[in-house]
Amino acid sequence: METVTQLTNQLVASYAKAGGINHLDGKNLPSKRVVTALTCDLLRLLFPGFFDEKLIHSSEIKVETAALLDSVLGTLEDEIRKALEYQPPDGLVKKDIATEARKLTVDFLGSLPRIRELLQTDVQAAFDGDPAAASKEEVILSYPFVEAIAVQRLAHELFLKNVPLIPRIMSEWAHARTGMELHPGAKIGSYFFVDHCTGTVVGETVVIGNHVKMYHGVTLGAKSTAGGQLLKGRKRHPTIEDRVTIYPGATILGGGTVIGAGSTIGGNVFIMDSVAPNSLVIYDGLDMRVLSKNDKNAALDFQI
Amino acid sequence: METVTQLTNQLVASYAKAGGINHLDGKNLPSKRVVTALTCDLLRLLFPGFFDEKLIHSSEIKVETAALLDSVLGTLEDEIRKALEYQPPDGLVKKDIATEARKLTVDFLGSLPRIRELLQTDVQAAFDGDPAAASKEEVILSYPFVEAIAVQRLAHELFLKNVPLIPRIMSEWAHARTGMELHPGAKIGSYFFVDHCTGTVVGETVVIGNHVKMYHGVTLGAKSTAGGQLLKGRKRHPTIEDRVTIYPGATILGGGTVIGAGSTIGGNVFIMDSVAPNSLVIYDGLDMRVLSKNDKNAALDFQI
Amino acid sequence: METVTQLTNQLVASYAKAGGINHLDGKNLPSKRVVTALTCDLLRLLFPGFFDEKLIHSSEIKVETAALLDSVLGTLEDEIRKALEYQPPDGLVKKDIATEARKLTVDFLGSLPRIRELLQTDVQAAFDGDPAAASKEEVILSYPFVEAIAVQRLAHELFLKNVPLIPRIMSEWAHARTGMELHPGAKIGSYFFVDHCTGTVVGETVVIGNHVKMYHGVTLGAKSTAGGQLLKGRKRHPTIEDRVTIYPGATILGGGTVIGAGSTIGGNVFIMDSVAPNSLVIYDGLDMRVLSKNDKNAALDFQI
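Chains as they are written, first to last, in my numbering: chain A, 1 to 304; chain B, 1 to 304; chain C, 1 to 304.
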């Protein structure tokens, strides 16, 4: 036990030292666990019957929806209140926080029917765009994309309402589950589809048009973040116009970079400039070396 | 409470509108939660003693295996029956579904010993291929690859038996855990190994030979899916012959693309054509620009 | 029941056959489940107040820390003992294993304050380096990087102490959650930051300096592992000097490859040679083809 006391003293002394990684005696942060549970409940409200064990009949749906909404409303209001207390938006004074939390929560839940309409276009795009999809049910049950885009569209609503912390906790939960990071700030049009998802990153100030199809490993990122916090709020990420397709591993950087409507971007391409509408951008393989393994240089490089 | 009623009415009205994302009053889908639990149990049957807390002795193994198999048999049969009712394969009439579900389940469980033999070659390949592996036990306990390939080989059996939905739910569970998407349809030979896994995607109609080694971020994909559902069933993804090695980030597309036996594909390469046996394909760096940061052009691009 | 008996017999016969994928009648391996729970507890010790529901006050922190440390000490000691029994380091005889397990555990827990100091620099680097970060609290609560680097720094301590299996179980847990694989063997300097994380792989013998910033999909890997187990212990992975930035999708291979201090490596670049300090390495797009989609060749490749 003496050992534990000594270890404790060292560690507590380390907590006391100036440390940006402590959170003690501060205001209460939103709970990661509660926000995660809320996100699951919101997915159940968006896709009724898909994430429940038993068959739901229309006759019961109203009662069940009301019960779930009631629970979500109370819990979400609490978390939003904590987030606003922690980091109040400009102009919001302390005494108005509770009222504001209530208002934001009700407005947000009122946007669910509109979010469902958008998601319907995404599921359609996924089914239309993937010959391996056997049915829309398979898409909703097994495609990581559906979860990722549903969470982004939910988090985007909260982001637009300037709710701190919660949108990012939600989007990072989806990132952990799907491997795709869609920042809550990104503006994403209808009929969006990302196949496979893993490794795709869509930055905070990205703008994406309608009918855009992307694959895994695609980066829509910032050209340079050497300016760090000084760049906050600036458009740092590209714009993707309507009907663009982007193949796996393409990296597109920069706030002024616009991929024109109807273009196709090939796999593994690296782009920092705008591309005219209806373009095809590819590496055509001319500059790639194909050697026989009997070639000595080849053997040197790969020790084979 | 009035607010909740109003929100509920809006949302339920949205459910009632024609919507591809509802699942109400339909037939019961297989349960994602149950299929996930089944997959874990199947992994325990494949790797006895590895995923259990206590030491298992040979004397107990028969009783424990029988109990687990009995439980898996009943549960899997239920889920397969639901999947067949939901989307009956051509020629299967309703009254025969229960019998067919039983038969498919028993056949599938009878294939476990054969799957174990294949997995033994994969574990061997992982150990042989990675100098960082300290033991085969470390490989099984900590390499995401083992989980991913085990689930693929299980799901592939169900895919071959035309079981709807369940194989994809299984493979997407593994995708979420390992970051690698191995479609249940892919035909994968023995002694397969993918190191690191994250971001690797292997499409539905891929064919992979024996002793193939790949890294993370490798795409074996379709050249174009603009044809969408019209392409269903066509061979859209490449063939990788025996003893090929594919480095991280390589993208290989197309149903007619064949990577000849014994070839090595370098990192970040983009390929849409076949490669002769025993080739080495690399970007050799000749076309890459290496600039000093005092160079003005460099400074313009990256603002450094 | 007869079916189950038959299936059991087949499967148990398969267990009995020489099989590298069984673990029966052997020594007890460390438990994956327990090591995972321990890792979560260690994260709570590193970031007090961040992963708990209720507000922690300074007055309670000592008692709570002591209780958690006491529990971690006992459990970790058990798991380390099992790991040492399973795979005793050279020169450690059986009768000394329990004492050694105790010593290693206490030493390891004594290093937590030092690990916290390093992590503080990482959180600072993340906040400074990402304009999308609204606060350090947001970084700790929602950035996968923080979890990944915290687990790596913990696992690295155990790796240096030659504890078998446990460091890799820990790092693969973080890999599964964040998509980034930081091998416990890698030496990583202060003020490290990886944005987005998914698909980044840092190999066992990598050395990284201070103030290094990387993105997702970056590989610091081995040039060839065809030598397999013969290469064990050799430096196979690159060295990244101070103040280097590496953009998404870059692949850097080889034990002799050194990226000189202050350099910037562009996206999707493939490097197998050293780069002088203060260099900028990019694909400048000169060799990329940008075609109008009316071009016939383009149409052939992509069927558009």
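Heads up, some of the hints might be wrong.
It does not matter which identical chain is used: a pair holds within one copy or between any two.
What the hints assert, rightly or not - Straight-line distance between alpha carbons at most 27 Å, and here's what the computed DSS-like set of lysine-lysine pairs gives:
| id | residue 1 | residue 2 |
| --- | --- | --- |
| 1 | 62 | 136 |
| 2 | 136 | 232 |
| 3 | 94 | 223 |
| 4 | 235 | 187 |
| 5 | 232 | 161 |
| 6 | 94 | 17 |
| 7 | 187 | 136 |
Don't read these hints as lab results, they were simulated from the structure.
Here the structure is a predicted model, which means the values were calculated and not measured.
To see whether the hints hold, each was checked on the structure:
1. 62 - 136: within (24 Å within a copy, 42 Å between copies)
2. 136 - 232: between (39 Å within a copy, 14 Å between copies)
3. 94 - 223: neither (39 Å within a copy, 57 Å between copies)
4. 235 - 187: Answer is within: at 12 Å inside a copy they meet the 27 Å cutoff, but 36 Å across does not.
5. 232 - 161: So residue 232 and residue 161 pass the 27 Å test inside one copy only (18 Å; across, 43 Å).
6. 94 - 17: neither (30 Å within a copy, 42 Å between copies)
7. 187 - 136: The answer is both: 25 Å in one copy and 25 Å across copies each meet 27 Å.
Figure legend: structure checked against the earlier numbered hints; hints not met, in rising order: 3 and 6.
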